[in-house]
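Trainee: Here the sequence shown stands for residues 293 to 371, where the numbers follow our numbering.
Quick caveat, the hints were computed from the structure, so don't treat them as lab data.
Please note: incorrect hints may appear among the correct ones.
[As the list claims (entries may be wrong)] Cβ pair distances, simulated, as ranges: (1) Arg-331 / Arg-360: 22 to 30 Å; (2) Gln-341 / Gln-364: 18 to 26 Å; (3) Gly-370 / Gln-316: 38 to 46 Å.
[As the list claims (entries may be wrong)] Using 27 Å as the maximum straight-line C-alpha spacing, the simulated BS3-like pairs for lysine-lysine come out as follows: (4) Lys-353 / Lys-336; (5) Lys-336 / Lys-348; (6) Lys-353 / Lys-339.
Note that beta-carbon positions come from the ideal geometry of N, C-alpha and C, so glycine has one too.
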Amino acid sequence: MFIRQLRTPLRSFSRASAASTGTQLASLAYRRYLSDEARSIIDKAVKAQPVVLFMKGTPDKPQCGFSRAVIQILDLQGV
293 MFIRQLRTPL RSFSRASAAS TGTQLASLAY RRYLSDEARS IIDKAVKAQP VVLFMKGTPD
353 KPQCGFSRAV IQILDLQGV
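Let's have the full structure, built from the sequences with the hints guiding it.
Mentor: Okay, here's the thing in structure tokens:
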């Protein structure tokens, strides 16, 4: 669904050197999907706590297998 939208802006990077292309693409993807406000909130959360988990659902009701597994691991570790 989003393939066309992702490919169009990335074509400008096709002539860049191989070493810098990865960095440019990562930067573009990072900035494209996060507002400055969201990025700021995430940065503050990561700096304020030793462990931060962004997951689907809540610890009591995880909404995917990965989230459920991470909650179980954190519980076993006492986090």
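Trainee: Need the list of violated hint numbers for this structure, in ascending order.
Mentor: none
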